[in-house]
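Student: So you can see what is in the structure, the chains are spelled out below.
Protein chains: 2
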Amino acid sequence: MSSPSATPNTYPYQNEPTWSRSEKAIARTAFDAALGRELHEVIQEAKKMASQIQQSSDLWDLEHYLTERRKEIDRTYDYRYSRLTHVFGKLLYEGRLREEELRGLREDKLNSIRSVAQFLAKYAA
Amino acid sequence: MSSPSATPNTYPYQNEPTWSRSEKAIARTAFDAALGRELHEVIQEAKKMASQIQQSSDLWDLEHYLTERRKEIDRTYDYRYSRLTHVFGKLLYEGRLREEELRGLREDKLNSIRSVAQFLAKYAA
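Protein sequences appear in the order of chains A and B. The working numbering puts the first residue of the first sequence at 12, with every later residue one more than the last. The working numbering puts the first residue of the second sequence at 12, with every later residue one more than the last.
Same chains, same names: a pair is fine if it fits in one copy or spans any two.
Derived DSBU-like pairs: lysine-lysine, alpha-carbon spacing no greater than 35 Å straight-line:
1. K82 / K58
2. K82 / K59
3. K59 / K133
In short, the hints are calculated from the structure, not lab data.
Let the hints inform the model, and build the full structure from the sequences given.
Tutor: Here's what the structure looks like:
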């Protein structure tokens, strides 16, 4: 590995792709769309759970559901370019993102993202 | 203080009143009634908050509200006889319990409960 200080404008980590301006725009849109859909889903479920509360255990079930969803969303939606292929792979695998939404990313990135999705599918099987 | 082992059937702590069977029944009923009212209030508020959720911040506000209420309820509703005068004093002070609901407790207990309520009112002022 060459010394980063010798080539200060070169991305210092091997195997981590750089993201062009247009790719960043595509990534941001896809990321926000998936997050928006997930939040919408949680909001709908919370409204439904709340409307059906009859006793205190239902109340604390709702609290627990919200806490777990918040933690899971915080863990999943990590918008660092070093993490994005993993994030998109996970979202693809979970059916929260369609591959078309990533159209315009470079083929090597798409392959990495697909690999993550396939790995997770295999791991879950 | 006399040795508890010398008088094994005597309540071993000074200044802590014993609770007769009828007092225990009154205490349990009053305690459960106040807790039931408080839970009902939280359930109604949660349903209202949930029905008004429009964006994710409203969702996490609901989670935060539920967590805080659960912790506060857990702290307040402590059904140990050694804690009950304090619990009832706090509930009286907060208007969550009416003094009539404690009718039948011995006067010394009622005085202790009123003292706690008065102390909290003074402390809050």
